[in-house]
Structures are given as structure tokens and as C-alpha cells.
Amino acid sequence: MSGDMNLLEVEDLRIELTADNGRYPAVEGVSFTIARGETVGLVGESGCGKSITALSVMGLLRHPLALAGGKIRLTGQEIQDLPPAEMRALRGKRIAMIFQEPMTALNPLKTVGRQIAEMYVLHQGANWNDADARAVEALKQVKVPAPERRARAYPHELSGGMRQRVMIAIALACEPDLLIADEPTTALDVTVQSEIVDLMKELCSAKGTAILMISHDLGLVTDICKRVCVMYAGRIVEQQDSEMIFNRPQHPYTQGLVASLPRLGMRARHGRQRLTEISGVVPGITAYPDGCRFHPRCGRKTEICEKVAPELTPLADGALVRCYHYG
Amino acid sequence: MKIQANLAIGGGLTALALFVGVFGPWLAHTDPIMDANLMNAELSPSAEFWFGTDQQGRDIWSRVMYGAQISLTVGIGSQLINTAIGTTLGVTAGYWGGWWDDFVNGLTNLMLAIPSLIFALAIMAILGPGLTSLMIALGLTNWSYTCRISRAQALAVRTQGYVQAARVLGYGDVRIMFTQILPNTLGPIIVIATLGMGGTILAEAALSFLGLGVRPPAPSWGSMLSDARETITTAPWLSLFPGLAIFITVLGLNLLGDGLRDVLDPQSRSRR
Amino acid sequence: MADTDLLAIEDLAVHFPVGGGMFSQPQMLRAVDGVSLRIRPGESLGLVGESGCGKSTLALSILGLVDPTRGRVVVDGTAVGTDTDRLAVARTVQMVFQDPYASLNPRQTVRRTLAAPLRLHGITNSGEVADRVAEMLRQVGLRPDQADLYPHEFSGGQRQRIGIARALILKPKLVICDEPVSALDVSIRAQIINLLLELQAEMGLSYLMISHDLGVVEHMSDKVAVMYLGRIVETGGWREIFERPRHPYTRALIAAIPDPLTRALGREKAHGEVPSPLNPPPGCTFNPRCPHAIDKCRASPPVLSPIEEGHLVSCWRAEELSTVRA
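Protein chains in written order, with our numbering: chain A, 8 to 334; chain B, 28 to 299; chain C, 1395 to 1720.
Pulled out of the complex, with its shape left as it was, chain A reads as follows:
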């Protein structure tokens, strides 16, 4: 990473959940940066805070979740306290987002061509004729076959993979600086998933769009992203280059994850071995343990782990790990 200004800087982010009798930190002390054109992944299990971190960048947190501290800077400008109107102008134009289930993110009553064209009208002041023509062009770019015909189709007339291509076309319509992708392929069949991933990689690298990829699938994230942040119970526990995370995970949680996955090819190499289990369960937001939040499930915990939460320790190559006993 160069010393130039980062595209996105998230600093000491804190998001609180208001539940029946108190406020709980759903996300705490989360900091990361994305340079222009860079691809970064946030990996973690359900409830770890990865999706709400992304939503906070979009300014889309809603009750019972609220931003309770920290800064979010887009090319140096703080955006966490922008008034709603200015935030709306940023969304779609400079930061775009695609979701897991494209069916719910698309308007069922409008043709997909119209929904893409709206982006040009809304953010670039284009007239509808031009916008409709550009929408067809955009569909061609996301490799939708017969784009003229598909532009006139309604979302329910398209397959899941096609809908996600349309979502990508909408997201990239105004050539945003940052594309946030929240589990964009989880609802799709595996062979379709891999095509969508290839499409995202290709388009974003051609346009210089940075990607913040959110997923529970470590393999998928390392496939797309240069850098990976692993989240557990609302905190980033490890940040690594993608090439290293499978080969040299540092945090006991990441190590457990990598070792517990039955990966294709392992049985042929090493025979069938009992998978390494991570004991216990993922804690709920209202019941995060003191100290290191992974300690009840950790094989290396010592007294300090139960009392004082570890800070992020910088390692070589810009990697970070939040553990007293890493490595």
C-alpha cells in the first residue's frame, strides 16, 4: 500500500445494539483501510458484525443498531455524520452495494432495464431515452445474453444468476469508487457462483473499482480479495494477505477455521482424518465474554485472556493479529 490517501478509512468503529434492557457493542474497535482499486474481504460467521460494518459504511444502520463511535472517511472526508440527503447522493454514485438475495433488492414492478436506467437519471441527470440505451449497454457489460430483450424483462422472469448480474450492472452503473458485496453469491448454484465472482473481478479491475467483500466463505474471499480481515464477535481478530491466510493463519480462531474445513483434495493427500473441531458456540451479541471474546472456545487461553482484551499486534507484511498467544 502506498502512502497516498486511502479510498476508505474505517477507524475505531463502534456499533451498538439496543436490546430490551441495555445497549450492547455489536461491533467494537474495528479499523481497516481500502486503497483505490484494492480488494478487501471481511470474513466471519453469522452475527460477527461483518454485515453491519458494511451497512454503517453505506450509512444504512437502522434501529436497534446505531453508530456509537469511530470515523468513516471516504477519500479523506468524514462521512459518518453526513446529513441523509448528502449520504443518499454518495450511495450508488460513489459507494454501491450488492446483496445476497437479488430478488428482494430489485423492484418486482419495474423492468430491469428501467432499474438500471434510473441510476443514470438519478445520479447523472441523464434523460430517459439515453438512460434506457445505456442500460442495455450495461447489461451487455455484465454478459447478459440478448440484453435488448432482457432489459424489458421483470426480475421474476430472470434466473438467480441473471438477477445478480443485473444487481452488478445497477451497482456499477455510475462507476462508483467502492463496491460493497455482501454474500453476493451465497444464494446461487456453485457453477453460477464462480461465474459471478469472475465477472465482479473482471469489471472492477477494468474500472478500478475497489471491493469490500463480505462473506462467511474464507475460500471465496481469498479468491477475490488481496487482503482479508477475519472478524469474530464484533472485533477484527486477524488481518492478512489472502495468500497467507490459508497457509499461515495466526489467530487461534482463524487456525481453527482453516483446520476444521473439509477441503477437497485433503483426503487424497492425507487420508481421512478426524476434523479439528472448534468447541462451543458463537456467542450472541448480548452475551459477549470479557477479555478476549474467543477465550471460552480457545485451547491456548491463559488467565489474562479471560480478563483483558488483547490489542491488535502488528506482524511482518502488514498483518495484524488480536491475540496474546498468536502464531
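Please keep in mind that the hints were generated in silico from the structure rather than gathered at the bench. Some clues are possibly wrong.
Claimed, not checked - Looking from chain C toward chain B, a few residues come up when the C-beta cut is under 8 Å (computed):
#1 F1491
#2 L1498
#3 L1514
#4 R1560
Beta carbons are placed, not taken as given, at the ideal position from N, Cα and C, and that holds for glycine.
Given the structure of chain A, go ahead and fit chains B and C onto it with the hints provided.
For chains B and C alone, coordinates are given in the frame of chain A:
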């Protein structure tokens, strides 16, 4: 906390209504039918006549106490019949689908298209007047909402994994409906049943007014209310007190229904 | 059919009429169209395929919940269909479901969920029922004193343990596992996979493991069948399938895994999406997505035929392609 309050208030009000229904005759001051005294017509509430008197000088307090019996019997009885019919048709239609579902849907639409009062009138014409036929007539004509709701619930529950699992374990259809579908559709059905009770209490009045239900001098809350229509501005207590009695009963049953639904749902039971 | 097979599916086809109203002819959905499979006692067969390939219908026919249009399903010596004794089938074949949240009745305690099937199957002595419930809970790694809790009081992983307990309480011989870990948190999956393998060894179970996760399938299966649009396109031992895949679809599935470990296996991807089973393409149904399709593939459907000992492929070009590194 909220659950307990619903249950306590609802239970209390319902108990009060039932108490009046059973012991009403002992709580009344006078005979509700015979003690007409035109000298006392349309007196406003006083120490002697707590709820005032009606056009014929009968004590409204006594009439409300006596009327509870008829109104509650008709209300509860006909709602039980409605719920039984609606749930049976709805759950089986939603679970089995196919031609049976089409048939039940058609029947429901037919019921919704014909004004239920007219339908009830026709049934009364066949059965003849009387409390039992009133209950049956109202019970056979107001099940379409229960049916719709329970069908929709059954459709949703049918596709759940646990229904599939029950089938895989060798459960028969009837057993699946009783152990898997019905318990998971009960919540909204209880609400509809209690909400509908107010309607049937009033419908009883309409049928009684037409001479098909309870014979006119015998008091019921509904018939008292319909008798009081012309005097609502001059003597509001005539409609106020029977109306209040219906209101309290329906409110009590609704709160009780809500509370029961929550208590029956294990998920909200242990949530704090 | 060998006497030793626990499950023998012979040329099974299940077709459903779809749509069709008063004035239109219904279309035929060929959900399963000529499938033959066998599983021996104690053996695991991994069934791989994407949505719409017919794996769910196949599972339903093994459970005797749909009737074959053609061919037959023989479980433990008995041909099954909707008129077979349901209780007898239930004692032989059981199922573990994908979603541990939707697959447990929220209004029944764990005890009721496990005891009701026992009573249904004639075990009425309450002491025996209680013992078997407690024993089953222990076997799946739960405490017997958790029996009186409701499903929502458990985590996803624990719920899946309950789902497994329910499937095993009748001591079946064959268990169909339908994506048993894909709805679970990643850090919980290993626990459930290990548990399923332990129980298999303990109880001598056979598994039909339905999954799209090839890593899970390789880890758990002795044999693998790859299904596409109602047909088996390749089947063989796990080594044959994952080390020497011959069918372009199998290769595409492997290439689609975003794991640095499998990147070495090649990137021979499929393009486009699975066509509707209502209107499958002529010839080999995979031809529109296949990077190797030739005219012959578009003209006539290939037959599943052996390419090496115990390894069958349904592809016109399997011989030629075997020289190309997947």
C-alpha cells in the same frame, strides 16, 4: 411482564362476564320481564335504578344481568362451532391442497359473498326459533375468516422441515395435522375466535329483533342494544350499559386470547 | 441386484405434471429420469448436484413418499412406493434435514420430538421410552437433562444434533443427509461432520449424503454420484471422481470451488445456467454449458458407461478428454 398483564386483565374481565352469566339472576334487583312499570319509563341512573330504566320502565341493571346468560351462551357457543368448522376446513385444505382445497376455497368465497345474516335467517327458518337454533345458525355462517386464516397458516407450516420429518417418521396425515400443523396455527385462530364473538353477540340481537332468536321480552345484550336505537340521544343509558357489557366481555376475551396465545408459544414464554 | 445391497435404485424415473389448467395441457417435469444407484450396508454415497437436478425427488422416492413413473427403488429387499407400509419404511430409512431451525417443531420439547416416534412405532413402556431418549441424546452429544427444553433454547449446532437424534431414534439402516451442515456456522460444521462419521461407525449406518460442498462429500463418502438434470452423469469411488474426473460437469464443479488448494485441479468452467428441467436441451443435457461440446453431443444423449473399474461416465468425449488434465 406484558404477557402476565394481558392474561391477568383478560382473565379477570372474562371471569366477571362468566360470573354474571351464571349468577346474573341472583344479582338482579327485579324480574327483567314482568316488572314493567310505565310510571318509571326512561329514568336515568339513580340509587334505586343503578343503570336507569327503559321505555317500559324495566330496570336495566336487572336486564343486563339476565341478558348475560343468553348473550354469552350464543356468543361462545356459536364461536366454538365457527372455529371448529373453519379450522377443520382451513387446515385440511391447506395441508392436502388439490381438489379439496379448490372446493373449500369455493365454499369460503360463497359464504363471503352471501351476507351471513341472510344465510343465518334461512337456517333459522328451517330449524325454527330458539336459543339452540340461534347458536347453530350463527355457528354455521361465520367461519370463513377462520378458514382463510388457518388455511394460509397450514400452507406455510406444511413446507417446514418438521412436517416433512414427521412424514418420514411414518406419521399419518391426521396425526401430522394434530401434532404439527394445528399447534403452529393456533395463535391467529384464537385471536379471530375472540374478535368474532362481539359480532355474533350483535347478530343474535338482529335475529332476535326479527323474531327468530330469543322471544322479545326475554333480555339479551344485543336485543337491548337494538331496542335502544331510537332513544340514543334522549336516554343514552339504554344503549350505554348493554354496550358496555358487550365491550367488557369482548375486551376480556381478546386479552385472554392474546395472553393464552403467548403462553402457548414456548418461544415467548422463556423470552424475558 | 446383489443381495448385499441395502438400497438398489434401478432405472428410476419420476415425472410430474406441472401447470396445465382447464384449457392447457400440463407439461411433464422429468425430475428424475433413469437413475440407477446402489448402496451397501455401512457404505456412504455422496450425491452431488445443483438446484433442480432432481436430488430432492430422488430422496422422496427412497422414502416412499413419491411413486416411480418407471423403474423401482428397493430398500432392504422391499420395493418402496406410496402404498408401502409407511412405518416399515420409516424404521429402515430416515432423513437429516438441512435447516436446523425449520426442521424442529417449535412447540414440542426435545423429549416429545424424540419420544413420539418411538410410541408411534409401538414402544409404549414409558421407562423404555425415557431410556432410549436419554441414550440417544448422549449419543449425539447432548445431555439427557436438556430433553425438556424447546428448540429455540438451543444453538444451530445443537439443533442439528437434535435433528440427527430424531433421525436415529428408530435405529434405521439408511440415513439420507440433505445438506446436513450447509446451514450451520462454519466453526460448527466440523463438530457435526465428526458426529455423523462417529455414529456411522457405531451404528453401522449407510448414508446418502446430498451436498453441493465437494469437500464435505469427499471427506464423508465412499462412492460419489454426480447428478445433472435428473440423470447421473458420472459415478465412481471418491478417488476416481475427485482425482480423475471425466465428465466436463464434474470438472466444472471442481473448478468452481474458490479454494487455493483446488486451483491446481484446473479452471475448466461451465458457462451459463442450469436449463429448466421442463424443457431440457436435446442430446446431452449439459451440451449448452459444456466447453467441449461437439455436434454429436447436441444430437443424441450419451449413455452412462464404464471408463475404468467402477467408474461410469455419461459423455461422448470421455475417452478423449481423459487425456486432458482437468
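Checked hints:
Hint status for F1491/C relative to chain B: holds, with the closest Cβ pair at about 4 Å, below 8 Å. With its C-beta approaching chain B no nearer than about 6 Å, L1498/C sits inside the 8 Å limit, and its interface hint holds. Of the supplied interface hints, the one on L1514/C holds, with its beta-carbon coming within about 6 Å of a beta-carbon of chain B, less than 8 Å. Interface restraint check: R1560/C against chain B, minimum CB-CB distance 6 Å, threshold 8 Å, status holds.
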